[in-house]
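For this one, chain Z is given, so just place chain F on it according to the hints.
If you read the sequences in order, they're chains Z and F.
When we follow the working numbering, the leftmost residue of the first sequence carries the number 10, and every step to the right adds one.
When we follow the working numbering, the leftmost residue of the second sequence carries the number 10, and every step to the right adds one.
Incorrect hints may appear among the rest.
It does not matter which identical chain is used: a pair holds within one copy or between any two.
What the hints assert, rightly or not - Derived EDC-like pairs: lysine to aspartate or glutamate, alpha-carbon spacing no greater than 20 Å straight-line:
#1 LYS138 to GLU157
#2 LYS36 to GLU119
#3 LYS179 to GLU45
#4 LYS182 to GLU157
#5 LYS169 to GLU17
#6 LYS179 to GLU157
#7 LYS180 to GLU157
#8 LYS35 to GLU119
#9 LYS236 to GLU255
#10 LYS180 to ASP33
#11 LYS21 to ASP46
#12 LYS169 to GLU85
#13 LYS53 to GLU94
#14 LYS146 to ASP228
#15 LYS86 to ASP46
If you're looking for bench data, these hints aren't it; they were derived computationally from the structure.
2 protein chains.
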Amino acid sequence: MNRTQLHEQILKKKSFLCIGLDTDIKKIPKHLLKSEDPVFEFNKQIIEATHDLCVSYKPNLAFYEANGVAGLMSLEKTMKIIPEEIFSIADAKRGDIGNTSTMYARALFENYGFDSVTVAPYMGSDSVKPFLGYYDKWVILLALTSNEGAFDFQLLQLAKGGTLYEEVLKKSKTWGTADNMMYVVGATKAEYLAQIRKIIPDHFLLVPGVGAQGGSLKDVAKYGMNKQCGLLVNASRSILYAGAGEDFAEKARAEAMKIQKEMAGLL
Amino acid sequence: MNRTQLHEQILKKKSFLCIGLDTDIKKIPKHLLKSEDPVFEFNKQIIEATHDLCVSYKPNLAFYEANGVAGLMSLEKTMKIIPEEIFSIADAKRGDIGNTSTMYARALFENYGFDSVTVAPYMGSDSVKPFLGYYDKWVILLALTSNEGAFDFQLLQLAKGGTLYEEVLKKSKTWGTADNMMYVVGATKAEYLAQIRKIIPDHFLLVPGVGAQGGSLKDVAKYGMNKQCGLLVNASRSILYAGAGEDFAEKARAEAMKIQKEMAGLL
Chain Z
10 MNRTQLHEQI LKKKSFLCIG LDTDIKKIPK HLLKSEDPVF EFNKQIIEAT HDLCVSYKPN
70 LAFYEANGVA GLMSLEKTMK IIPEEIFSIA DAKRGDIGNT STMYARALFE NYGFDSVTVA
130 PYMGSDSVKP FLGYYDKWVI LLALTSNEGA FDFQLLQLAK GGTLYEEVLK KSKTWGTADN
190 MMYVVGATKA EYLAQIRKII PDHFLLVPGV GAQGGSLKDV AKYGMNKQCG LLVNASRSIL
250 YAGAGEDFAE KARAEAMKIQ KEMAGLL
Chain F
10 MNRTQLHEQI LKKKSFLCIG LDTDIKKIPK HLLKSEDPVF EFNKQIIEAT HDLCVSYKPN
70 LAFYEANGVA GLMSLEKTMK IIPEEIFSIA DAKRGDIGNT STMYARALFE NYGFDSVTVA
130 PYMGSDSVKP FLGYYDKWVI LLALTSNEGA FDFQLLQLAK GGTLYEEVLK KSKTWGTADN
190 MMYVVGATKA EYLAQIRKII PDHFLLVPGV GAQGGSLKDV AKYGMNKQCG LLVNASRSIL
250 YAGAGEDFAE KARAEAMKIQ KEMAGLL
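The following block holds chain Z by itself, in its conformation from the complex (with noise of 0.2 Å):
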């Protein structure tokens, strides 16, 4: 997918909704536990339920690596069932020296077919290139984070000037372009906003930490928008886990349709 069909996916369906697929099996409602794939069972069920708010979704792998071999496999049956217009995030944090960043772009683009990849930037330039050679694929690179951790590395002022993450945007956004990068920033640091956008003016950014993490979308909008909206919004365990009983489905359409339409507002 490229940046103007994201765009037109946003205007057309009045959200940046993205919704991270965290599915954690000790956390889905008890009378899946019965389907043959618990995990693919509650993922096809939240898709139905959230298609038409949402713009992307984002898998993260830790979730499904943790239930071994077969976990991988309900990811692979989630892959085939995202509509190819929901833009498709691996949230992986991979990034490795070069022959073996080529092989995790193997897996995810090509074996599992995601749109794009979260990339942690410590090792450089030639650990994130091997994810840029791919036609509409992105890569989606750590900057500024929304854990406390965040303030260990990312935020230690540099001898040059500025910090670590205004370091990872300025040199990374020469490794490619805003068609083909991303950048991850957390909404719980939504101030820093203004900053990152004299920086990478362009960029679509993926803002984590709404919801359950506690950030606030409107300081974001505010901050963070751009011509192209520019901003992904992902909310995960706050719409995954609104309902624990047999309406889990519908509760979680009610917690993303109340983003969606604060979203809506602010476009």
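Okay, now just chain F, sitting in the frame of chain Z:
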């Protein structure tokens, strides 16, 4: 496996060799492609031919994930035939917010039974700590990697003094101990090892970059060795692909023995 047991293995085998099982189905000898699971068959023969010469095996997960579900099954089978006294490393370079790292820990330590996992530091303490909650399991944190991209961020000078990778060492060493944390330090930067040993004198270092990537074993031992050896030096491609014919395992053994003999002289 604990630190004393690892040290005992090093003394017994006169080796601190780690063999990277970066098994690429496109590079293994052609005659193996007839077998039911060529990657596993290759690994099996490599392990049979080298297990008395090395103290660690390190499958890089990307190479298995690139083959989809079948690849993960090859990995599961490989883990079952690695002898118990050999330290197994999931070279996965994971790291995510706490509840997600917990899932990765479950996948790698519980499902596959790895002794350790490589973790990327960018997301900070709460992305690393879930891996430290397991008895006799290890985090191997990226500090200074062997690739060209290491220069992009790891060697940035900080305003408070020192470089980013040194700050990663200083801060992260308080998250665990030398009994549950190791660090990745590339052999291609052996001159940094003396400085690194000032910060973490007791920790084991996992040192990639000897062999195909060109680092010197002698320099690594000179600057990096401590009282318990404190080194696991990895070679992957130079051993795995030493031969391309039916005698590939013999050729791999010969290459591993060459390194082991040099290590025996350095111990």
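Going through the hints against the structure:
no.: 1; hint: LYS138 to GLU157; in the structure: between (28 Å within a copy, 12 Å between copies)
no.: 2; hint: LYS36 to GLU119; in the structure: between (30 Å within a copy, 19 Å between copies)
no.: 3; hint: LYS179 to GLU45; in the structure: neither (48 Å within a copy, 48 Å between copies)
no.: 4; hint: LYS182 to GLU157; in the structure: between (25 Å within a copy, 18 Å between copies)
no.: 5; hint: LYS169 to GLU17; in the structure: neither (40 Å within a copy, 46 Å between copies)
no.: 6; hint: LYS179 to GLU157; in the structure: between (23 Å within a copy, 18 Å between copies)
no.: 7; hint: LYS180 to GLU157; in the structure: between (24 Å within a copy, 14 Å between copies)
no.: 8; hint: LYS35 to GLU119; in the structure: between (30 Å within a copy, 16 Å between copies)
no.: 9; hint: LYS236 to GLU255; in the structure: neither (41 Å within a copy, 60 Å between copies)
no.: 10; hint: LYS180 to ASP33; in the structure: neither (36 Å within a copy, 31 Å between copies)
no.: 11; hint: LYS21 to ASP46; in the structure: neither (33 Å within a copy, 47 Å between copies)
no.: 12; hint: LYS169 to GLU85; in the structure: neither (45 Å within a copy, 47 Å between copies)
no.: 13; hint: LYS53 to GLU94; in the structure: within (16 Å within a copy, 43 Å between copies)
no.: 14; hint: LYS146 to ASP228; in the structure: neither (29 Å within a copy, 41 Å between copies)
no.: 15; hint: LYS86 to ASP46; in the structure: within (10 Å within a copy, 23 Å between copies)
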